[in-house]
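> Order-wise, the sequence lines are chains V and B. Each step along the first sequence adds one to the number in our numbering, with nothing skipped, and position 89 is 89. Each step along the second sequence adds one to the number in our numbering, with nothing skipped, and position 183 is 183.
Accuracy of the hints is not assured; some may be wrong.
A pair holds if it fits inside one copy or across any two, identical chains being indistinguishable in the list.
What the hints assert, rightly or not - Calculated lysine-lysine pairs in the DSS-like style (CA-CA distance at most 27 Å, straight line):
(1) Lys377 / Lys58
(2) Lys36 / Lys141
(3) Lys141 / Lys37
(4) Lys36 / Lys263
(5) Lys57 / Lys243
(6) Lys385 / Lys399
(7) Lys321 / Lys81
(8) Lys385 / Lys321
(9) Lys383 / Lys57
(10) Lys399 / Lys383
(11) Lys130 / Lys347
(12) Lys147 / Lys58
(13) Lys147 / Lys352
(14) Lys243 / Lys321
(15) Lys58 / Lys352
Note that these hints are calculated values from the structure, not bench results.
There are 2 protein chains.
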Amino acid sequence: MKQKKIYSVIYVTLFYFLVFDTDKGWTQTPDSVVIKKISDEIFVSGQLYKNEEYLCKKIGARLSGSANAEKAVQWTYNLMKSYGFDTVYLQEVMVPHWVRGEKEVGRVTSTIESASVDITALGGSIATSKEGLTAEVVEVKDFDELKKLGEKGVKGKIVFYNHPFDVRMIIPFQMYGEASKYRYSGPSEAARYGAVASIVRSMTNYVDDYPHTGSMGYNDSLPKIPACAISTQDAEYLSSVLKSVGKATFFLKMNCETLPDVKSHNVIGEMRGSEHPEEIISVGGHLDSWDLAEGAHDDGTGVMQSIEVLRTLKKIGVKPKRTMRAVMFMNEENGLKGGGEYANQAKKKNEKHILAMESDAGGFTPRGFNMTMPEDKKERIRKWKGYFYPYGAYDFTLKGGGADIGPLEKQGVPVIGFSPDNQRYFIIHHTAMDTFEQVNKRELEMGAVVMTMMVYLVSEYGL
Amino acid sequence: MKQKKIYSVIYVTLFYFLVFDTDKGWTQTPDSVVIKKISDEIFVSGQLYKNEEYLCKKIGARLSGSANAEKAVQWTYNLMKSYGFDTVYLQEVMVPHWVRGEKEVGRVTSTIESASVDITALGGSIATSKEGLTAEVVEVKDFDELKKLGEKGVKGKIVFYNHPFDVRMIIPFQMYGEASKYRYSGPSEAARYGAVASIVRSMTNYVDDYPHTGSMGYNDSLPKIPACAISTQDAEYLSSVLKSVGKATFFLKMNCETLPDVKSHNVIGEMRGSEHPEEIISVGGHLDSWDLAEGAHDDGTGVMQSIEVLRTLKKIGVKPKRTMRAVMFMNEENGLKGGGEYANQAKKKNEKHILAMESDAGGFTPRGFNMTMPEDKKERIRKWKGYFYPYGAYDFTLKGGGADIGPLEKQGVPVIGFSPDNQRYFIIHHTAMDTFEQVNKRELEMGAVVMTMMVYLVSEYGL
Numbered sequence: 001m002k003q004k005k006i007y008s009v010i011y012v013t014l015f016y017f018l019v020f021d022t023d024k025g026w027t028q029t030p031d032s033v034v035i036k037k038i039s040d041e042i043f044v045s046g047q048l049y050k051n052e053e054y055l056c057k058k059i060g061a062r063l064s065g066s067a068n069a070e071k072a073v074q075w076t077y078n079l080m081k082s083y084g085f086d087t088v089y090l091q092e093v094m095v096p097h098w099v100r101g102e103k104e105v106g107r108v109t110s111t112i113e114s115a116s117v118d119i120t121a122l123g124g125s126i127a128t129s130k131e132g133l134t135a136e137v138v139e140v141k142d143f144d145e146l147k148k149l150g151e152k153g154v155k156g157k158i159v160f161y162n163h164p165f166d167v168r169m170i171i172p173f174q175m176y177g178e179a180s181k182y183r184y185s186g187p188s189e190a191a192r193y194g195a196v197a198s199i200v201r202s203m204t205n206y207v208d209d210y211p212h213t214g215s216m217g218y219n220d221s222l223p224k225i226p227a228c229a230i231s232t233q234d235a236e237y238l239s240s241v242l243k244s245v246g247k248a249t250f251f252l253k254m255n256c257e258t259l260p261d262v263k264s265h266n267v268i269g270e271m272r273g274s275e276h277p278e279e280i281i282s283v284g285g286h287l288d289s290w291d292l293a294e295g296a297h298d299d300g301t302g303v304m305q306s307i308e309v310l311r312t313l314k315k316i317g318v319k320p321k322r323t324m325r326a327v328m329f330m331n332e333e334n335g336l337k338g339g340g341e342y343a344n345q346a347k348k349k350n351e352k353h354i355l356a357m358e359s360d361a362g363g364f365t366p367r368g369f370n371m372t373m374p375e376d377k378k379e380r381i382r383k384w385k386g387y388f389y390p391y392g393a394y395d396f397t398l399k400g401g402g403a404d405i406g407p408l409e410k411q412g413v414p415v416i417g418f419s420p421d422n423q424r425y426f427i428i429h430h431t432a433m434d435t436f437e438q439v440n441k442r443e444l445e446m447g448a449v450v451m452t453m454m455v456y457l458v459s460e461y462g463l
Numbered sequence: 001m002k003q004k005k006i007y008s009v010i011y012v013t014l015f016y017f018l019v020f021d022t023d024k025g026w027t028q029t030p031d032s033v034v035i036k037k038i039s040d041e042i043f044v045s046g047q048l049y050k051n052e053e054y055l056c057k058k059i060g061a062r063l064s065g066s067a068n069a070e071k072a073v074q075w076t077y078n079l080m081k082s083y084g085f086d087t088v089y090l091q092e093v094m095v096p097h098w099v100r101g102e103k104e105v106g107r108v109t110s111t112i113e114s115a116s117v118d119i120t121a122l123g124g125s126i127a128t129s130k131e132g133l134t135a136e137v138v139e140v141k142d143f144d145e146l147k148k149l150g151e152k153g154v155k156g157k158i159v160f161y162n163h164p165f166d167v168r169m170i171i172p173f174q175m176y177g178e179a180s181k182y183r184y185s186g187p188s189e190a191a192r193y194g195a196v197a198s199i200v201r202s203m204t205n206y207v208d209d210y211p212h213t214g215s216m217g218y219n220d221s222l223p224k225i226p227a228c229a230i231s232t233q234d235a236e237y238l239s240s241v242l243k244s245v246g247k248a249t250f251f252l253k254m255n256c257e258t259l260p261d262v263k264s265h266n267v268i269g270e271m272r273g274s275e276h277p278e279e280i281i282s283v284g285g286h287l288d289s290w291d292l293a294e295g296a297h298d299d300g301t302g303v304m305q306s307i308e309v310l311r312t313l314k315k316i317g318v319k320p321k322r323t324m325r326a327v328m329f330m331n332e333e334n335g336l337k338g339g340g341e342y343a344n345q346a347k348k349k350n351e352k353h354i355l356a357m358e359s360d361a362g363g364f365t366p367r368g369f370n371m372t373m374p375e376d377k378k379e380r381i382r383k384w385k386g387y388f389y390p391y392g393a394y395d396f397t398l399k400g401g402g403a404d405i406g407p408l409e410k411q412g413v414p415v416i417g418f419s420p421d422n423q424r425y426f427i428i429h430h431t432a433m434d435t436f437e438q439v440n441k442r443e444l445e446m447g448a449v450v451m452t453m454m455v456y457l458v459s460e461y462g463l
């Protein structure tokens with residue numbers, strides 16, 4: 001495996017220099033000429049960075065069901081209209097409407113001191129009573145420790161999951177994959193043993209002082225308890241208090257609420273294929289974000305890149321052979337209703353998606369593409385690696401796709417996820433720091449370039 | 001971030017660990033075991049980020065010849081001593097001593113308005129007179145335009161080189177390579193036609209409002225004229241004034257001065273080889289920085305990574321087969337005297353360097369290594385690519401090394417440059433923005449990991 005990987009990269013290297021000759025400009029294959037045009041258009045006249053600024057600064061946070069989410073729907077609809085795509089339309093979908101309410105309050109008290117702690121309710125959590133809730137805190141590192149404590153150690157208490165990211169892993173998404181079960185399933189697991197609330201250490205490999213929200217889900221056969229996150233710094237603090245004093249209580253007051261579902265929309269822009277209009281390539285991101293910040297990297301960048309793919313190809317005069325769609329999914333963060341509805345409608349209309357792409361891992365510098373599809377299709381895509389290599393998109397080895405295109409994947413559609421460098425992602429993920437200022441123009445553009453290249457090549461040659 | 005996504009990440013993890021199995025350690029080759037130890041040590045207990053913080057925040061800007069530069073010499077010497085390297089010593093070198101003096105003043109005046117402009121003297125420039133200098137500005141895009149204007153169009157005027165980075169290039173260092181001649185040689189070329197001063201558009205692909213300094217050099221056969229840079233935003237402004245009004249004058253006042261050379265030092269830490277002590281592998285960065293900021297990415301990160309290489313190998317118990325040196329070069333920015341002296345001394349002592357590595361392209365996420373050496377040696381290194389690939393260090397195709405190890409390269413020593421992603425580099429390069437806050441802990445550590453791996457492998461197997 002190791003050797004094979006090495007050789008494949010060396011092969012790519014040779015191929016790279018057959019394709020890209022930096023002294024003389026690119027060698028003239030018809031595709032490399034188009035690719036150079038794509039790259040030049042985005043680097044010189046790209047629209048996505050200013051679009052991202054508008055989405056973040058003029059609209060801002062856009063949790064499903066909020067007025068801002070609908071503003072974002074209307075704005076992206078009008079934006080794609082203004083670019084003259086063949087068809088732009090809204091796809092109705094009912095979405096959950098969870099609201100945070102008044103800012104949460106948290107406080108830890110021990111025999112030595114009492115200190116306020118910044119908490120954030122997890123998406124989907126119930127509130128505490130209006131007066132809040134106070135109970136003794138019991139810290140666990142994982143579900144094994146929880147189980148060992150059992151009802152005797154947990155009943156009537158607040159369970160504090162202090163499970164740090166394992167920084168020995170190279171890829172932060174792997175650390176997240178390993179730790180996030182304590183956020184999602186932790187509350188019900190704690191309730192299983194009689195806990196009255198749960199607190200989770202924020203999902204990040206950095207030690208900082210702001211809490212990261214994110215979704216949780218209740219196990220319907222167990223009591224529902226309030227669930228919140230605290231910053232990694234406060235997690236270290238709380239843990240040190242428990243270790244040094246032996247005992248502490250936590251007061252939390254949360255005002256969140258799940259209101260009735262509301263009507264919202266996916267937003268879809270389409271350029272119709274000239275030779276195989278029935279074959280559809282979709283490229284998308286999710287339009288909703290958490291309520292704490294601007295949803296810049298999660299997932300404004302993916303949405304803006306997806307629109308840029310179609311805009312760029314239209315601008316440089318490509319007549320796509322196959323149909324291309326930019327899809328802004330609604331409600332990825334706390335329900336995935338948009339992705340589900342898109343797949344339902346595709347099935348109902350008997351649409352044939354030959355590829356669905358998603359960009360939802362941040363607008364950082366490209367690393368490659370993660371794919372879930374039969375091996376022969378992967379091989380077809382890997383043959384194009386030489387084109388992507390100079391842009392840093394070299395890694396085509398991992399499995400993946402995207403949450404919103406998961407429902408299409410279940411129908412057998414080949415899926416592909418744009419994979420940027422994510423070393424910085426969990427600084428800002430699901431926090432108030434996920435703002436436009438954290439987006440780098442060139443890195444965002446590099447991502448759009450490789451995404452556009454991929455959509456173009458699949459449109460030309462099919463899969 | 002949904003459950004669906006979490007599952008796919010978990011699957012990805014499984015696939016990934018066909019090569020790297022974090023549960024069991026990496027697949028058991030002796031080298032992969034050591035590499036995993038290197039990676040774990042740096043990610044879990046790395047010292048370089050806090051060292052970088054000290055260098056930036058407690059010492060700060062350290063232009064050659066300054067008191068701060070000597071502080072940095074003493075501090076890195078003591079730091080390496082504290083790590084218990086076999087030998088730590090200073091290597092004397094005389095360096096230029098250019099000082100900026102009082103903050104510069106710039107002002108553009110036309111018939112419609114007069115506006116102050118933030119200027120920065122270029123390193124090595126002479127001052128204006130104490131009263132400053134006022135002359136008409138003439139804008140050129142390149143040396144061809146300058147030549148066409150000739151003495152008739154230039155004499156008695158200030159030449160304004162407004163040569164933007166070519167953003168169509170993928171790699172920002174290529175843009176820099178193409179544009180920086182207007183900073184370095186522009187002043188003397190302007191003087192050739194009788195110009196009284198020169199202004200250069202800052203070296204960056206971003207449009208921002210702070211000027212980037214950097215070195216310039218006079219052609220001794222031509223008159224010396226004052227030379228400064230203005231921000232890209234001010235360059236656009238000045239150009240627009242000239243285009244709309246047709247004529248403008250520029251006032252500049254600069255107080256810089258070249259004082260007599262002063263004694264300074266390279267700082268060297270060494271771990272002696274057990275099998276081939278006579279074969280030396282050096283890894284380094286430059287300790288000096290420009291005077292405008294903390295020299296965080298340029299080149300605090302390279303220096304701290306180099307020390308971390310030796311610290312890590314010692315910490316995990318590697319007994320190096322070949323001699324390893326961490327070298328902090330003095331005076332890369334405006335003279336390269338440290339690099340020259342190091343090579344002189346190596347020759348004098350008949351030392352055999354089998355590889356010299358430099359990290360001086362920022363402390364960003366790894367991309368690969370650039371190499372200048374015979375093809376058979378490159379092939380030896382490329383055979384190890386499988387180890388580097390998971391860390392994103394995949395690109396081993398480009399030629400390169402580093403400014404400080406250029407003099408060794410001239411002696412025939414194989415050189416290699418650590419190559420990080422540099423899309424963000426020219427935001428901060430040579431500006432007041434090059435601060436510790438711009439350094440990401442994980443990215444810095446990733447670079448140190450791949451550098452340590454490379455030094456380890458060359459130490460084990462030679463070249």
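> The structure should be examined with respect to each hint, and the outcome stated for every one.
Each hint tested on the structure:
In this assembly of identical chains, the alpha carbons of Lys377 and Lys58 never lie at most 27 Å apart, being 41 Å within a copy and 55 Å across copies at closest. Taking the closest pair of Cα atoms, Lys36 and Lys141 come within 27 Å of each other only across two copies (24 Å); inside a single copy the shortest separation is 51 Å, beyond that limit. For a Cα distance limit of 27 Å, the shortest separation of Lys141 from Lys37 across copies, 24 Å, qualifies, whereas the shortest one inside one copy, 52 Å, does not. When the C-alpha separation of Lys36 and Lys263 is checked against a cutoff of 27 Å, the pair qualifies neither within a copy, at 42 Å, nor between copies, at 51 Å.
Taking the shortest alpha-carbon separations for Lys57 and Lys243, neither the intra-copy value of 43 Å nor the inter-copy value of 33 Å comes in at or below 27 Å. For the identical chains of this complex, Lys385 and Lys399 are neighbours both inside a copy (16 Å) and across copies (21 Å), given an alpha-carbon limit of 27 Å. In this homomeric assembly, Lys321 and Lys81 come within 27 Å of each other (Cα to Cα) only inside a single copy, at 21 Å, whereas the closest approach across copies is 66 Å. Proximity of Lys385 to Lys321 under the C-alpha cut-off of 27 Å is restricted to the intra-copy arrangement: shortest distance 21 Å within a copy versus 38 Å between copies.
Taking identical chains as interchangeable, the C-alpha atoms of Lys383 and Lys57 are never at most 27 Å apart, the minima being 40 Å within one chain and 48 Å between chains. In this assembly of identical chains, the alpha carbons of Lys399 and Lys383 lie at most 27 Å apart whether taken from the same copy (17 Å) or from different copies (25 Å). Proximity of Lys130 and Lys347 under a CA criterion of 27 Å is satisfied in neither setting, with 46 Å inside one chain copy and 78 Å between copies. In this assembly of identical chains, the alpha carbons of Lys147 and Lys58 never lie at most 27 Å apart, being 48 Å within a copy and 48 Å across copies at closest.
In this assembly of identical chains, the alpha carbons of Lys147 and Lys352 never lie at most 27 Å apart, being 47 Å within a copy and 61 Å across copies at closest. In this assembly of identical chains, Lys243 and Lys321 lie within 27 Å of each other by CA distance neither inside one copy nor across copies; the values are 65 Å within and 45 Å between. Proximity of Lys58 and Lys352 under a CA criterion of 27 Å is satisfied in neither setting, with 36 Å inside one chain copy and 62 Å between copies.
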